[in-house]
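**Student:** Given the structure of chain A, go ahead and fit chain B onto it with the hints provided.
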Amino acid sequence: MRDRGANLMMPARGPVPSSGSRQEAAAGWPRPRNDSVRRALLTAVNIGGFFLLWEWLVRQSGVSPIFLPPPSTIFKAAAEMIGRGQLWGHLSYSAANFAIGFALSAVAGTVLGLLMGASRSVESILGPYVWALYATPRIALLPLLILWFGFGAESKILLIFLSAVMPILITSMDGVKTVDQALLRAARVFGATRTQIYTRVVLPFTLPFIMTGLRQGVGRGLIAMVVAEMFGSGRGVGFMIARSAAQLDTATTFALLLVLVVLSVGLVYMMTALERRVAPWREDVRV
Amino acid sequence: MPAVLEANHVTIAYEKRAERSRLLALQDLTLSVTAGEFLAIVGPSGCGKTTFLNAIAGLVQPTAGTLTMDGRPIVGPGPDRAMVFQEYALMPWLATWDNVAFGLELRGQLRGEDGRRRVAQFIELVGLRGFERSFPHELSGGMRQRVGLARALVMDPRILLMDEPFAAVDAMTREIMQTEFERILSEAGRTVLLVTHSIDEAIAFADRIVVISSRPGRVQEIVPVDLPRPRWQYDVKAHPRFGGLREQVWRALQSDAAGGPGDRREAAP
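These protein sequence lines map, in sequence, to chains A and B. All residue numbers for the first sequence refer to this note's numbering, where the first residue is 1 and numbers rise by one. All residue numbers for the second sequence refer to this note's numbering, where the first residue is 1001 and numbers rise by one.
Same shape as in the complex, but just chain A (with noise of 0.2 angstroms):
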């Protein structure tokens, strides 16, 4: 970002008020309030009109309800489930076992994506498997981890490893490589040892590409652990959403398709929230 502005004094942006920006800021602070309340709003109107207007074409058009059921189905068959309490074990399965994945691909990804990006030998060296795991879809690895580990919970955590692994250790090892050049030299002109280089400057650069990361384990995880269970499970969400398509429960499969909706993007505004507060100073690496 470079200087636009002739005024010295006056902040490019953020919350210090000096006595010259008081006025505009008096002027424009309460506008994001409102803005948010209103994306809110526009938000729930959006959804709840497509809703309205599913049901209605489906009303009219007279479709079959195993084909497509209406959303007032749909809603009666979640809350059926819930209601039997159905859904909390096969969902607690699920979330234990994408848990444990991700928190190990976490470890594992951003402690070997910053060893490949600080250490041109120990790339080499991982660099092809790292490589050809990212380019196999790993799904395909699924037949075998259910031969060598069988149909219980590991293979399925294993499976949630290997794909949110590598988003996290890509961008880990893109982080570290795209140091600042200049932040570097000014370390090292100030006197920073080796150690300090990386404690001081690697690092808080690396972290939020980390988040970013984190970010795209979610997504990737979260599509290992339902495939995971729909092939070769007999418990877990994705278990359930293969049964009930194939007892022709279709409103079931909807209602267990919107619980996943809502579960990914909780997670995904979860870690984008955390990669805010964690890197505040970098809104370019945010895709």
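One or more hints might be untrue.
List time: in silico DMTMM-like cross-link candidates among lysine to aspartate or glutamate, alpha-carbon distance up to 25 angstroms [what the hints assert, rightly or not]:
| id | chain 1 | residue 1 | chain 2 | residue 2 |
| --- | --- | --- | --- | --- |
| 1 | A | LYS177 | A | GLU123 |
| 2 | A | LYS76 | A | GLU55 |
| 3 | B | LYS1237 | B | ASP1028 |
| 4 | B | LYS1237 | B | GLU1187 |
| 5 | B | LYS1016 | A | ASP180 |
| 6 | B | LYS1237 | B | ASP1170 |
| 7 | B | LYS1016 | B | GLU1037 |
| 8 | B | LYS1016 | B | ASP1028 |
| 9 | B | LYS1237 | B | GLU1164 |
| 10 | A | LYS177 | B | GLU1019 |
| 11 | B | LYS1237 | B | GLU1180 |
| 12 | B | LYS1237 | B | GLU1221 |
| 13 | A | LYS177 | B | GLU1015 |
| 14 | A | LYS177 | B | GLU1087 |
| 15 | B | LYS1016 | A | GLU123 |
Think of the hints as simulated: they come from the structure by calculation, not from any bench. In this text the structure is predicted, and so the values were computed from the model without any measurement.
**Tutor:** Frame of chain A, contents of chain B only:
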């Protein structure tokens, strides 16, 4: 006056592995900076100015010749030298206070009241009180460079190195910053080495201007600037001798452009 910094026949060459050739950045450069002096180095881009600064900072070693600070050869970075950078080079994740304290913290000099008081004192000196908790992206370019100046001065260096410190700010800010920096540095009696490609900036700042030829960089001419100080109190550009000085520096640069060897590379033996 004793020399703080002395460069004796300094030559710096880079091995270019890809082309199997040597790039001669600086050739046989001899100059000295005395205590309290403002020396400006002016030259076309690619004349090895930045290489020279890196060598003084201790990031590169001369291929031939000697480079000494107070008579001792420079072997690496040290607290006796601090730098203000062209693109500020502030840590984006640190607020003003922490950026200014950066060098002290690296050297473990921040413990105790004394270090903290120094940080506050230099934030005050560059006029950034009240912005201690602002991050670089919340500051204007001019303010960011003040943070850069405070970060360097807080180290209390024997010599302050400035690498085109105003190249990244707009023209209006640059004029204001130049006089302001000149005031701060001359009042403190600092020894300064300024590298720039702006002749006006060099004249406004320096006691002597060293004109360096294009690659390989060599001393083309040394122009003494005898304008009275303090210069921030008057418009240097309106001074009757300004035009003559400007022309003298300009001619030195021109003669290099006309008869200079240009981009000379030597094949590896």
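**Student:** None of the hints should be skipped; say for each whether it holds.
**Tutor:** Going down the list of hints, with the structure as the test:
As the CA atoms of LYS177 of chain A and GLU123 of chain A are separated by approximately 11 angstroms, the hinted pair is consistent with the 25 angstroms bound. Under the criterion of a C-alpha separation no larger than 25 angstroms, the hint pairing LYS76 of chain A with GLU55 of chain A is consistent with the structure, at around 13 angstroms. For the suggested pair LYS1237 of chain B and ASP1028 of chain B, the alpha carbons sit about 33 angstroms apart, so the restraint of at most 25 angstroms is broken. Under the criterion of a C-alpha separation no larger than 25 angstroms, the hint pairing LYS1237 of chain B with GLU1187 of chain B is consistent with the structure, at around 21 angstroms.
A C-alpha spacing of about 22 angstroms is found between LYS1016 of chain B and ASP180 of chain A, which places the hinted pair at or below 25 angstroms, so the restraint holds. Distance check on the hinted pair: LYS1237 of chain B and ASP1170 of chain B sit about 18 angstroms apart at the alpha-carbon level, within 25 angstroms; holds. Straight-line distance between C-alpha atoms of LYS1016 of chain B and GLU1037 of chain B comes to about 36 angstroms, which puts the hinted pair past the 25 angstroms bound. Only pairs whose Cα atoms come within 25 angstroms are accepted, and LYS1016 of chain B paired with ASP1028 of chain B is accepted, the gap being roughly 20 angstroms.
Of the pairs offered as hints, the one joining LYS1237 of chain B and GLU1164 of chain B holds, with about 19 angstroms between alpha carbons and a cut-off of 25 angstroms not exceeded. For a cut-off of 25 angstroms, the pair hint linking LYS177 of chain A to GLU1019 of chain B stands: about 24 angstroms separates their Cα positions. With a C-alpha separation of about 15 angstroms, the suggested pairing of LYS1237 of chain B with GLU1180 of chain B holds against the 25 angstroms cut-off. Simply put, LYS1237 of chain B and GLU1221 of chain B have alpha-carbon atoms about 22 angstroms apart, close enough for the 25 angstroms limit, and the pair holds.
Between LYS177 of chain A and GLU1015 of chain B, the direct Cα distance comes to roughly 23 angstroms. Compliance with the 25 angstroms bound is thereby established for this hinted pair. With a C-alpha separation of about 20 angstroms, the suggested pair LYS177 of chain A and GLU1087 of chain B falls inside the 25 angstroms cut-off, and the hint holds. The suggested pairing of LYS1016 of chain B with GLU123 of chain A holds, with an alpha-carbon distance near 24 angstroms, which does not exceed 25 angstroms.
The structure shown violates the earlier hints numbered 3, 7.
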